[in-house]
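Undergrad: Spelled out, the chains give:
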Amino acid sequence: MIAELGLAMLWLASALALLQLVAGALALTKRGRELAGIVRPAAVIQGVLSAGSFLALIALFLRTDLSVKLVATNSHSLKPFIFKLAGTWGNHEGSMLLWVTVMAMAGGFIALFERRLRDDTMLATLAGQAFVSLGFYAFLLLSSNPFERLAVPPPEGNGLNPLLQDIGLAFHPPTLYLGYVGLSIAFSFAIGALVTRDVGPAFARAMRPWVLGAWIFLSLGITAGSYWAYYELGWGGWWFWDPVENASLMPWLAATALLHSSTVLAARNALRAWTVMLGVVAFSMSMIGTFLVRSGILTSVHAFAVDPERGSFILALLAIYIGGALALFATRAATITEGARFAVTSREAALVVNNVMLSAILGIVLLGTLYPLLTEAFGEKVSVGPPYFNPIGAIFFVPMLIVMAIGPMLRWRDDRAGRISGKLALPALAAALTALGLVSFAPTIKPLPFLGMALAAGLAVASVLPLVGRDLRRTPLPVYGMVVAHLGIAVALFGVGSDSAFSIEKLVASRAGESHKVGPWQVTLRSIEPVAGPNWTALEATLAATYDGGRLSLLRTQSRNFTTPPQLTNESALHTRWNGQLYVVLGEEADDGRWQLRLWWKPFVPMIWYGGLLVGLGGLLALIGRVARDMKRSRAEDKIAYRRARQGR
Amino acid sequence: MITPLTFPVAPAQAGAYPTVAPVRPRCIDKESLSRPLPAQGRRTLVWLMVAMMGLFAATPATAQDLLPPAPYAYKQLDDPAQEAKALALMETLRCLKCQSQSIADSDAPMAGDMRHQVRERIAAGEQPEAIRQWLVERYGDYVTYTPQVRALTAPLFAAPLVFLLVAALLLRRRFRKTRGGKP
Chain D
1 MIAELGLAML
11 WLASALALLQ
21 LVAGALALTK
31 RGRELAGIVR
41 PAAVIQGVLS
51 AGSFLALIAL
61 FLRTDLSVKL
71 VATNSHSLKP
81 FIFKLAGTWG
91 NHEGSMLLWV
101 TVMAMAGGFI
111 ALFERRLRDD
121 TMLATLAGQA
131 FVSLGFYAFL
141 LLSSNPFERL
151 AVPPPEGNGL
161 NPLLQDIGLA
171 FHPPTLYLGY
181 VGLSIAFSFA
191 IGALVTRDVG
201 PAFARAMRPW
211 VLGAWIFLSL
221 GITAGSYWAY
231 YELGWGGWWF
241 WDPVENASLM
251 PWLAATALLH
261 SSTVLAARNA
271 LRAWTVMLGV
281 VAFSMSMIGT
291 FLVRSGILTS
301 VHAFAVDPER
311 GSFILALLAI
321 YIGGALALFA
331 TRAATITEGA
341 RFAVTSREAA
351 LVVNNVMLSA
361 ILGIVLLGTL
371 YPLLTEAFGE
381 KVSVGPPYFN
391 PIGAIFFVPM
401 LIVMAIGPML
411 RWRDDRAGRI
421 SGKLALPALA
431 AALTALGLVS
441 FAPTIKPLPF
451 LGMALAAGLA
461 VASVLPLVGR
471 DLRRTPLPVY
481 GMVVAHLGIA
491 VALFGVGSDS
501 AFSIEKLVAS
511 RAGESHKVGP
521 WQVTLRSIEP
531 VAGPNWTALE
541 ATLAATYDGG
551 RLSLLRTQSR
561 NFTTPPQLTN
571 ESALHTRWNG
581 QLYVVLGEEA
591 DDGRWQLRLW
601 WKPFVPMIWY
611 GGLLVGLGGL
621 LALIGRVARD
631 MKRSRAEDKI
641 AYRRARQGR
Chain H
1001 MITPLTFPVA
1011 PAQAGAYPTV
1021 APVRPRCIDK
1031 ESLSRPLPAQ
1041 GRRTLVWLMV
1051 AMMGLFAATP
1061 ATAQDLLPPA
1071 PYAYKQLDDP
1081 AQEAKALALM
1091 ETLRCLKCQS
1101 QSIADSDAPM
1111 AGDMRHQVRE
1121 RIAAGEQPEA
1131 IRQWLVERYG
1141 DYVTYTPQVR
1151 ALTAPLFAAP
1161 LVFLLVAALL
1171 LRRRFRKTRG
1181 GKP
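Residue numbers (this note's numbering), protein chains in the order written: chain D, 1 to 649; chain H, 1001 to 1183.
Because the hints were derived from the structure by calculation, they are not lab data. Just so it is clear, CB atoms sit at the ideal spot from N, CA and C, and this is done for glycine as well. Some clues are possibly wrong.
Claimed, not checked - Stretch-level coverage of chain D by chain H, calculated; a stretch enters the list once three of its residues show a Cβ under 8 Å from a Cβ in chain H:
#1 32-42
#2 366-372
#3 388-396
#4 501-509
#5 604-612
Turn these sequences into a full structure, and let the hints guide you.
TA: Structural data, given as C-alpha cells:
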C-alpha cells in the first residue's frame, strides 16, 4: 500500500510540474495572463507531493518491506536503524528520488518565499524549474521506478554495500544533493531572467541567498567526503583527484564564481551576462557530474547501476538542458549589456580576476577529468592525476590567492593602490616570515607546499584586515561571513601544505609488546583480539602511543569482516592533537606471526577540514545576514504600503 | 593465526555482489562495486559462479593473497632519502587494478609488486624517471598519473596557456575601454 501511495504521489507531482510549466509559459503571453495565479500553488503542492513520495520510500526501508524490489536488493532486516534509513538513498533509484524531491522542494520554497523578483521573471523562473524537474521525473518514472514490487518476496534482503555503512557516508549524499540540486535554482533564475530580459541588481539579490544556501551544503559535503576518504580508505590521503571528487568540485568552483559575480551585479549592476552565464554553468556542472558518476562511464562507488539505457537517458537530459540554456543565452546575450564600468584598481576588478581564475581552474579540472575518456575513445588509455592537477591548478590558484588578499580592501568603482599599500604590509610580512621559517627549518621542502604555506599565512592575516578599523558591532554579517570564509581557505591551505610537506609514514611488522617511533610519537602494539559488532566480526589491535614521552593514549584499529554481503574493511584509528594527527591502520599478518602496521604522523592535517568547516560557517553567516536584511526590508515596505493605504482612505 | 569468524552466505543473498570473497576497500576495484541483477539468460552461469564464490567466502583470503607479498611491497627502504624518492614516484604511478588510486595508496597485490619493483630499483640507484619509463613501456601511458607530453596529450598542456590568453584578452578589453572613460 505504501509503495503504491508513493508511486501515485510521484506521478501526481510530475503532472503538477507539467501544469506549472505550461501555465507558467502561457501566463507570460497576453492571452494566458489569468493562468498566472496557479503557478505558485502548483510549485508548492508539487514540492509537498514529492516529499511525501520520498517519505513513503523511507517508510518502506525502515519496515524492510521485502516485497519492494529496491528494498530487497539493498537492505537487510538485521541492519542497524541508521543504515536502514541511509539505505533509502544508498542506491540508484532512491538517490534519484532524493534528487527530484530536493528539486521540487526548492521550487516550492521559491514559490513560497521569493517576493523580490518581477512577476513575469518569477513565472519564467518557476516554469524553468518545472521544465528541468520534468526530465528527471521522466527518468525516474520511466526507467528507474523505486517502488517496483516483486511477485515473490525473498526471505531476506541483500544488504547494503559495507563501504557505505558508515555514519559519515549516511549523511554525505543528502548534504551533497542539497548543494548539487540547490544550484538548479540558479539555473532556473538565469533562464527566467534571460526569457524576460530582466538581469539587474534585483535579480542578483534575489538569486544570491539561494546560491549561498546551495554553496554552503556543497562546501560541507565536499569537506565531509574528503574526511571520509581520509579515515575510511586507510591510506592517509584526503584528495585523489578522482573523477568522482572532481565531479563535486566543479559545481563548487562554478558556484563560488557565481557568488562573487552576483555580488558585483547586486552592488554595481555590472557583469550581467557573465553572471547569468555562470548560473547556467553551475547547475550544468552538477548535471555533468551526475552523468559522469552515474552512467557507468566511470566505474566508482557512486555508479550504483551500470546500465547503458540509464546513461543515455541522463545524456539526453544533459543535451536538452545545457544545450537549450546555452542556445537561449546565445540569442539573448546580445541584448544584455555588461552594465556599469570600473577601473583597474577597484573591487569589481579584483572580483573579475577571481572569476577568471576560478573559471580557468574549472576548465582545467573539467578537461583533466574528461581527457582520459576522450583518448580512450581513440583507443589510447592515459591517466591524468595529481602531478597534472596540482601544478597546473596552481598557475591559476596562486594569483587568485594574492588577489583574494587584496580585493576585499579595495573600494568599489575606483581606488588608489597607495591607499591600501600600508595595510598590506602586514600580510606580506606574515608570508615572508613563514617563508623564512620554512627555508631555515626545512630546506628540502618542495616548491608547491612551500608556496602554499607561505601564501596561507599571508592570506590568513589579510582576510581579517577588512574588519580592522571598523565598528565591529555595526559591521554587517555578510562581511563577517566573507572574513570567516576567506580565513577558512587560508586555514585549509596551510593544512594541505603541511600535510604534503611534513607527513611521516612508517610501515612496520610488529609483535605484541614491540615499540616503534613515528616522528615525535612512540607507538607500542599491545594486543590483537577478535571482536564482534551487529553485522560484522573483526580483529582489533590495541596500541599505546605517547607524544614526546608525555601522557599515554590508547588507539584501537580494526580489520572488519562484514557478513551481509561479505567484505573486508579497515577501520583506521586516529589520535588528534592541536598540532596534528597520529594515524594507525592494522594490515595483514605476516608468515612469522608479526602484524603489519601503517603509522603516520601528519602535522596540522586536521586544519584542512577545519578550514572547510570555516568556509561553510562563513557562508552561513552571510546567508543569515542577507535573509535578515531582506526580511527587515520587506517588513518596512509592508508598513509603508499599509500606511499609504490608510491615508488614501 | 587468529581468524575472525565468518558466516557463509547463501548464494541468493549475494546475488547483487559479484565478488563474495573479501575485498579490500582501499583498492576499490570494479568487482567490489554493486551491479544490477544480471539478465535472465545469464542466470544459470551466474548462480554457478556465485555458488563457487560462496565457497570462497568461508576463507578469509583470496587466491592471490595466498602468495606471500614481495619483500618491499610493505617494507620501507632503510635510507630515508631513498624511501622519500621512491614514495614520490609511487604516488604518481597508477594502480592498474583499482578504480582511482596510486600504487602508494593501494592494497592490491599487483600494486604491492610494483612498489617492490620501484623500491628495489631506487635502491639499486636507478633514476625515478627511468623507472617510470620502464613501467610505461610495460603497461602503457595509463600507468603514470603524470601525462607524458606527446601529440595525444598536447591539448592538456596547451589548455592553461589558452586559458591564460583568453583571460588576458577578456581583461584587457574590459579595462582598456574603461581606463580613460568615465564610468
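Undergrad: For every hint, state whether the structure bears it out.
TA: Tested hints:
no.	hint	in the structure
1	32-42	violated (count 0)
2	366-372	holds (count 3)
3	388-396	holds (count 4)
4	501-509	holds (count 4)
5	604-612	violated (count 0)
The structure is inconsistent with the numbered hints 1, 5, although it conforms to all the rest.
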